Amino acid sequence: MKIGGSKEIFEQVLDTDLCSVCGACVGICPYFKVHSGKVAKVFDCDLEKGRCYAQCPKTGVDFEMLSQNYFNQPYTDKPLGTYQKIVAAKAGDMLQGDRFQNGGSVTALISFALESGAIEGAVLTDAEGLIPVPKIVENAGDALKCAATKYAAAHTAAAVNEAAKDGRTNLGVVGTACQLTGIAQMRANPLEKSDFMDPVSLTIGLFCTWSLDARKFKDYISGKIDPATITGMDVPPPPAEVFVVKTGNSTTELPLSEVRTLIPNGCSVCPDMTAEWADISVGAFEGKKEWNTLIIRTARGEELVNKAVAAGYLKLDEFSAAGLDHLTTGAGNKKKRALKKQNQEVS
Amino acid sequence: MTALTDPKSNQHHLVMGNEAFARGALEAGVAVVAGYPGTPSSEIVESLANVSKERNLYVEWSTNEKVAMEVAAAGSFAKLRSLCVLKQNGVNVASDFFLHLAGSGTRGGMLVLTCEDPGALSSVNEGDSRHFSRMLEIPLLEPGDFQEAKDITKWGFELSEALKCPVMIRSVTRLSHASGNITFGDLPETDHKAEFKHDGFILDPDTGPMISAPVAYKHGLQQQKVQQAIKMFETSPFNTYTGPGNPELLLITSSACNLYSREAIKLLGVQHRVGLLKLGTTWPLPPKLLEKHLRMANKVLIVEEVIPFLEESVKILAMELAEEIGIKKFFGKRDGTIPSTNELNPDIVIGALCGILGMDYAGLTAEYSEKANTHLFLGAPAREGTFCAGCPHRASFWNISQALKLDNNEGFVCGDIGCYSMAVLPAGYSTLKTLHAMGSGTGVASGFGKLGQFGMDQPVFSVCGDSTFYHAVLPALVNAVHHKSDITLVVLDNSGTAMTGFQPHPGTEKDARGEEALQMNIESICKSIGATVRVADPFDFDETQKTIFELMGMKGGVKVLVLRQICALSPEKKGIRWFDVVVHESQCLGENCGCNRLCTRVFKCPGLVWDTEKKVSKIDDAICVGCGVCSSVCPVGAIENMEVK
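Just so you know, the protein sequences line up as chains A and B, in that order.
All residue numbers for the first sequence refer to our numbering, where the first residue is 1 and numbers rise by one.
All residue numbers for the second sequence refer to our numbering, where the first residue is 348 and numbers rise by one.
The shape of chain A in the complex, shown without the other chains (with noise of 0.2 Å):
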């Protein structure tokens, strides 16, 4: 695949409202910026080749490539990806939090990882106000804080990309599927530098439709609700139609239909529903409530799972035919919409 540089991200990728704010762009050096949840270029490059273009998870995906340097094995096509199984999970009672969005499992996940210090760093995503931001927490207390769903895009590869820079080794990360996708071409190398290093050890993926424009999303809460005193946010399973806004003890219930016009043109192209790029893959376990789907893919992720068990901080669960057949279904959909779009828009 051609690598270019950050005229062609422009031609390819922000001049045709592609972005989707992941920052693997942002970080690597003083071009690319992240200002309030938009990704800007504040002066011009004029190399040919650069990291951002390679690390950017809409220029082009070499999925053949990523997957033998992943799994050590050929691309799959299917929805889920590449996985050794799937399981119900929540937090243990080795964890204490409320805010979790479902089960707290990658809370969970991330706390033992730090405490057992399989990890020595966790890139998270915190957020000042509705406008999210990149976190490199150190402690289990620390991670806590970070927990529940920002809904609006975030730019959290753009701080493995800082770590890389600062020669951090051994950190976790947790991201959707563009943030990872865009980690994992940077853990690739891709324009070989004889001084990488991978920064990164642990990756857990999160489920993902949609993210929303982070600029766009502030006005419009700011609008309605005071987002100071937001406590909360969820998107209750189909058919509510609700986006669901926590303050204090009341809620307000958004219509869907209106967050919607909010998602940035680029998650209409993006095929990962599940994050494949991953060791070990969250999300919420649609029928279960408090409780979350895991896609344990890598031997990995395997062992972290299994010893946070272990130490208490997860409970694991069979997971269902039921659960299995609508998680494939979604994400089938989401590939094959993907697809459709991605066709129009290259035509």
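Honestly, the hints are just simulated from the structure, not real lab data.
Check before you lean on any hint, since a few could be wrong.
Using 30 Å as the maximum straight-line C-alpha spacing, the simulated BS3-like pairs for lysine-lysine come out as follows [to be verified]:
{"no.": "1", "chain 1": "A", "residue 1": "Lys-2", "chain 2": "A", "residue 2": "Lys-341"}
{"no.": "2", "chain 1": "B", "residue 1": "Lys-662", "chain 2": "A", "residue 2": "Lys-49"}
{"no.": "3", "chain 1": "B", "residue 1": "Lys-962", "chain 2": "A", "residue 2": "Lys-49"}
{"no.": "4", "chain 1": "B", "residue 1": "Lys-752", "chain 2": "A", "residue 2": "Lys-2"}
What you are looking at is a predicted structure, and each value in this text was computed from that prediction instead of being measured.
Given chain A, put chain B in place with the hints provided.
Just chain B now, kept in the frame of chain A:
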């Protein structure tokens, strides 16, 4: 500087044109001098300020040119000789008062001396103010060499007093900024006495009020003065003819073009074929003098810079005189013989003369010309305008440009006149998107800031310097505040009128004569009129950008950010290094992905250079002033500010 106040007359002195004007004013006994700095005029006021104590003068750098003309007029109304100095744009600024002054008339001799800039060597226009003399119906004098610059100035005061109206003198860069030998005259006593008489009859020019009403009467009086001027100009020694009694071609010229024309005629050796009529009194033209010379030849070439002002005046007279002098063939700007833009030079005049006279002339051999052209266009490295090493404007525009790009809402900056005008170029990251007159950035921004009504939601910024703030930004700012225009004004306060040589302004402690003045404060003024004000140091990128975002986040109303950092060339700072700046070569990423020469390719301080062999950046110790800003630019910390050894 020469000894401008050398009392010995009949001595030769090598002086700059602007010093010749200053000496002429001193010989005339000028008492009040006011101006606003502007190249190529600034040295006149500066020279006179330097001798103000010795010669008992009142000299000031006024807030703007209109005020300068008003200050000078007060001197004239009080029977003192007064001088107002400005450049071409300044005449526009002062023109409203100028029109009324022409109507009211003057008492003590008053000169308006404008030094103009054909070719815009140090301007963003090549305006030609000679039109004002015709529009305002006041006499115009244009010296043709350095001696005349002094002598015509001295005579101008007498003319003004005789006519009781202001007299305009026009110089150009090549007279003001070139030097020549002149002979000094005597200096008068300096015991000036000021008194403004105002209780006399309303129409009494010496004792009545100074007003332009009754308008029709005063206007008629003005036109009588023009007729009186014509009579005086018929015999003026500043109008000279050199050449044969019946030349093939009459060349009429004025100002620096007199020098170019003389040189061209001499180089071509056509003294016997071309007559040179050099005019020092270019409006109103003396008809009898013109009739006498136009009779001599059937072909007439008019050589002047910029617009065909003299050409049109001559043609009007020639038409009126046609019965007596016959039909002439004219060459000049209107037929394309002489270009209507840019400066002239002897080569252009030679080209025109050769065309008319049917001659060939090559100043250089073909071989030499070719070689010179090759070296000029291919050999010289490409250079673009840039800010000096350590210039605060580079840092300011680095911050403003980045903040607007990061904000990503198509924000833009309206600019005006100062060193910072260069921010239209890559030197200032092409940040300025409009650039007009002094103060216009804020006026234009004030308008943009009200276009929200029509759906415009781009962030609107303007910039101005500290001197410009007082000169013409204040009315625009008041307008913006009053109308709640949604704009951010960034005042690039480098503590002086830096571009023209650090002349004082209302924000400085001293006045033009070095005496203590009441110093004003930009942020207090802005606060008092209701703007939201912040102050930051542009060298502190984080603080400055944070402040810009804070101000951008405030919707509605005027925000002012004062970016304060003294000019690197100011007398207070020049030569003082804050840091010994070093580049750690092993850390420099150079052309690699992750930097791509941000410091030498984008930031581009001349103190940083690219080592083409080692492929790393390095400090040019001869140019670096040690401000240390580039250490904040480097993305990997390869540039370090060390304590000065």
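TODO: Below or equal to 30 Å on CA atoms is what counts here, so check Lys-2 (chain A) against Lys-341 (chain A).
DONE: Distance ~22 Å between Lys-2 (chain A) and Lys-341 (chain A) Cα, so the pair holds.
Open item on the list: Hinted pair, alpha-carbon criterion (30 Å max): Lys-962 (chain B), Lys-49 (chain A). Please report holds or violated.
Closed with: With Cα atoms ~18 Å apart, Lys-962 (chain B) and Lys-49 (chain A) stay inside 30 Å; holds.
- [ ] Please work out if Lys-752 (chain B) and Lys-2 (chain A) have their alpha carbons no farther apart than 30 Å.
- [x] holds, 28 Å
- [ ] Take a quick look at whether Lys-662 (chain B) and Lys-49 (chain A) sit within 30 Å of each other, Cα to Cα.
- [x] At roughly 65 Å apart (the allowed maximum being 30 Å), Lys-49 (chain A) and Lys-662 (chain B) break the hint.
Going down the numbered hints, you'll see the structure goes against just number 2.
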